[in-house]
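Model the full assembly from the supplied sequences, consistent with the hints where possible.
Protein chains in written order, with our numbering: chain A, 4 to 360; chain B, 50 to 369.
To be clear, the hints were calculated from the coordinates, so they are not data collected in a lab. Treat the numbers as computed from the prediction; the structure is a model and nothing was measured. Even glycine gets a Cβ: it sits at the ideal position worked out from N, Cα and C. Don't take each hint at face value.
A short list of chain A residues far from chain B (calculated; beta carbon distances all over 12 Å) [claimed, not checked]:
| no. | residue |
| --- | --- |
| 1 | T85 |
| 2 | E125 |
| 3 | R232 |
| 4 | D242 |
| 5 | P296 |
With beta-carbon atoms standing in for the labels, derived distance ranges [as the list claims (entries may be wrong)]:
| no. | chain 1 | residue 1 | chain 2 | residue 2 | range |
| --- | --- | --- | --- | --- | --- |
| 6 | A | D6 | B | L181 | 38 to 44 Å |
| 7 | A | T223 | B | N237 | 21 to 27 Å |
| 8 | B | D240 | A | D215 | 28 to 34 Å |
Residue strings, one per chain:
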Amino acid sequence: MSDTGLVLKDVYRVFPGDITAVSDVNLEIENGEYIVFLGPSGCGKTTTLRLIGGHDDPSSGTITIDGELLNGVSPAQRPVTTVFQHYALFPHKSVLQNVEFGLKMQGMDKTAREQQATAAIELVGLSAMMHRKPRELSGGQQQRVALARVLVTRPKAILLDEPLGDLDRLLQMKMRVELRGLQRELGITFIHVTHNQEEALSMADRIVVMGDAIIQQVGTPTELARHPRNEFVAKFMGDNNVLHGTIESASGGNVVINTPHGKVEVPGSGTAGEKGSMAIRASAVNISTDAVPAVNGVRVRLDFVEYLGDSIKLHLDFNGEPFLAKVDEERFGEVQAYEGKEVTATWSVEDGHLLEQ
Amino acid sequence: MTYIWYLIALVLLVIPFSAMVFLPINKSKPVLLGFFLIFIVFMYGPMMTMGVLSFQGPFGSMTLPAKDLGSLHWFTELRAESSLMVGVRDGITKSLWVSLVVAAITAVLSLSLGMAFRRQFRGGGILFYAILLSLMTPGLLLSLGLSFLLYYIGFNKGEGMLGYVPIIGVQAVWALPFGFLVMMSVFNRYDARAEEAARDLGASSFTTFREVTLPLIWTGVFGAGLFGFTLALNEFERTFLISGAINTLPLKLYIITSSSVLRPYVYSLGVVTIIISFLLIALFLIVSAITGRKKALAIEEDGSGVDDLPSMTAAAASGD
Ligand SMILES: Nc1ncnc2c1ncn2[C@@H]1O[C@H](COP(=O)(O)OP(=O)(O)OP(=O)(O)O)[C@@H](O)[C@H]1O
Ligand SMILES: [Mg+2]
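Here is the structure:
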């Protein structure tokens with residue numbers, strides 16, 4: 004076990020009524036990493052964050068930061084601070100008073116803390132609004148105040164619960180870049196919770212995918228996008244097609260799976276006769292009017308062409324099951340002509356990959 | 050024929066309700082406003098009779114119709130009743146102090162109860178209903194029982210300051226459920242995340258309470274106190290049998306109206322006491338408004354203010 008960074012070991016949180024919100028969480032976070040917890044609603048993201056922040060206690064397991072045990076340490080004493088969902092600013096205090104609060108609690112004298120708070124407010128670009136109340140600020144501005152309020156206390160790690168959830172899409176995009184830039188500049192560990200996979204992919208050093216109270220997979224954005232470990236991750240990361248079947252043969256580093264819709268060959272190893280599932284990304288699927296090949300090709304009907312601006316998403320019907328493909332924007336005229344018709348979807352062996360059962 | 054009146058009452062209830070339910074807001078508003086006015090008339094009507102009868106001339110009577118209206122005769126008469134006036138003035142002073150103490154007790158206890166009920170605790174449900182149940186106990190019986198108990202334990206009623214203890218006690222018990230309900234509704238709408246944030250930033254429980262909780266619920270606490278104050282000021286039943294020699298204003302008024310030959314100056318007395326009560330409530334509200342305003346001002350002087358508004362709208366317009 005590493006003795007720097009934040010380490011969660013065998014962490015469980017079971018609520019009364021036998022509700023397991025967090026189960027068997029093992030995670031090592033390096034100092035200065037930007038970590039994103041990603042998962043559907045109710046999967047335990049907020050609970051995990053609360054356990055790290057000290058707002059809730061694990062039923063079992065340990066949490067340490069730089070080798071120091073955090074279990075039982077009050078939120079006030081922990082070197083981590085939280086940017087709460089919906090920000091939780093003090094509505095009766097001005098921006099300056101909000102930001103200097105943490106320093107005031109540390110017992111810093113008035114001039115020093117005002118100076119530091121002012122600097123933090125400047126950092127997030129709100130100098131002009133220092134004396135406003137939170138209700139006189141837009142959502143994005145409130146968000147920055149919340150950020151300045153925790154930054155000023157110089158924590159080892161900042162926990163952010165859906166920090167962009169309350170913002171409109173344009174502002175979200177802007178804040179993604181800003182948050183990321185700020186984190187790089189400060190070199191502080193950020194742990195960011197979201198259920199938006201695009202947000203996770205664009206911001207994280209590493210993504211922790213949670214589902215059904217457990218960690219489903221931990222990896223860099225590219226690892227998760229290219230190699231989802233299991234069906235849950237493949238489906239949650241979006242735009243993945245999952246095929247199930249029985250392994251027919253394994254040779255030369257590839258396995259052939261016999262699915263109800265035809266044979267597919269994917270890199271990996273397995274035992275003939277066992278169940279096998281594979282995932283193929285929509286963007287790796289090509290469509291044409293060619294004949295169906297013996298492997299890695301299916302006959303589908305093109306139901307609907309979705310134009311996305313920089314690419315085209317094709318909603319295909321695969322014997323009643325949905326199947327997705329994504330092609331270049333330039334092919335719009337061509338693929339539109341296929342709408343309602345039967346086409347062949349193909350992909351190359353190395354783009355597919357085997358999922359854990 | 051009495052059924053006609055039931056019918057009228059029913060219609061009076063049904064009309065505003067159906068206006069509220071079936072009409073769009075802009076149409077139901079005048080209807081509801083009209084009914085609200087009727088309600089006000091019923092509420093203040095009896096008081097107005099008293100007011101009217103107090104302004105009669107020297108030959109005025111105790112009952113309507115009023116005679117020679119527009120005279121302050123009975124107010125002068127009232128002032129001439131010096132022993133009565135001394136008693137009333139004494140009653141007002143005593144009621145005032147008692148009510149203030151009850152207000153403070155109600156505010157503090159309601160606040161602590163409200164804080165306690167923010168968390169689930171064993172027996173919380175039972176306690177909740179027990180508190181509300183005290184609203185339903187007949188006040189007079191409570192007073193009777195308490196007076197026997199006080200006698201039994203040898204608590205000599207009415208001796209010195211100690212005599213105030215049972216009075217303040219019963220009145221605070223009476224006001225508490227109201228204050229408690231105020232605080233329950235305050236905490237119902239209260240967002241505890243700001244507190245969590247404060248603790249996260251290193252505030253102790255007490256600091257969190259002082260810096261975050263109290264400023265946010267202060268108006269509620271004040272409301273609970275105001276309930277205590279007004280309820281205590283008017284309290285009669287519960288105070289009646291345990292007050293000993295201490296006559297609060299309602300008791301004094303009762304003694305006056307039940308023991309002397311009634312002449313219209315009692316109406317003048319009624320008018321005067323009502324005016325005094327209104328002034329007290331107004332004072333309370335003004336004080337609260339001023340403290341609220343002071344806080345706002347303190348922050349404005351800090352540098353922010355109305356002139357900041359244009360830059361805010363500009364920022365909003367820039368999509369930020
Ligand atoms: N105090 C609590 N008591 C009982 N169950 C709880 C409590 N807090 C959370 N849970 C349950 O634990 C599970 C995880 O909740 P959590 O808030 O961590 O989800 P989340 O991943 O943050 O979801 P969202 O994306 O909707 O915010 C949920 O099933 C929730 O109902
Ligand atoms: Mg959550």
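Okay, the hints, checked on the actual structure:
Residue placement check: T85/A does not keep its beta carbon more than 12 Å from all beta carbons of chain B (closest about 5 Å). The beta carbon of E125/A is kept farther than 12 Å from every beta carbon of chain B, the shortest such distance being approximately 15 Å. Listed as outside the interface, R232/A is consistent with that label: its C-beta sits roughly 34 Å from the nearest C-beta of chain B, beyond the 12 Å cut-off. The Cβ of D242/A sits about 29 Å from the closest Cβ of chain B, beyond the 12 Å cut-off, so the non-interface label holds.
A cut-off of 12 Å between C-beta atoms confirms that P296/A is not in contact with chain B; the least separation is 50 Å. For D6/A and L181/B, the Cβ-Cβ distance of about 57 Å falls outside the hinted range of 38 to 44 Å, so the restraint is violated. A C-beta distance of roughly 45 Å is found between T223/A and N237/B, which places it outside the suggested range of 21 to 27 Å. With their beta carbons about 30 Å apart, D240/B and D215/A fall inside the hinted range of 28 to 34 Å.
Comparing the model with each earlier hint shows violations of hints 1, 6 and 7; every other hint is respected.
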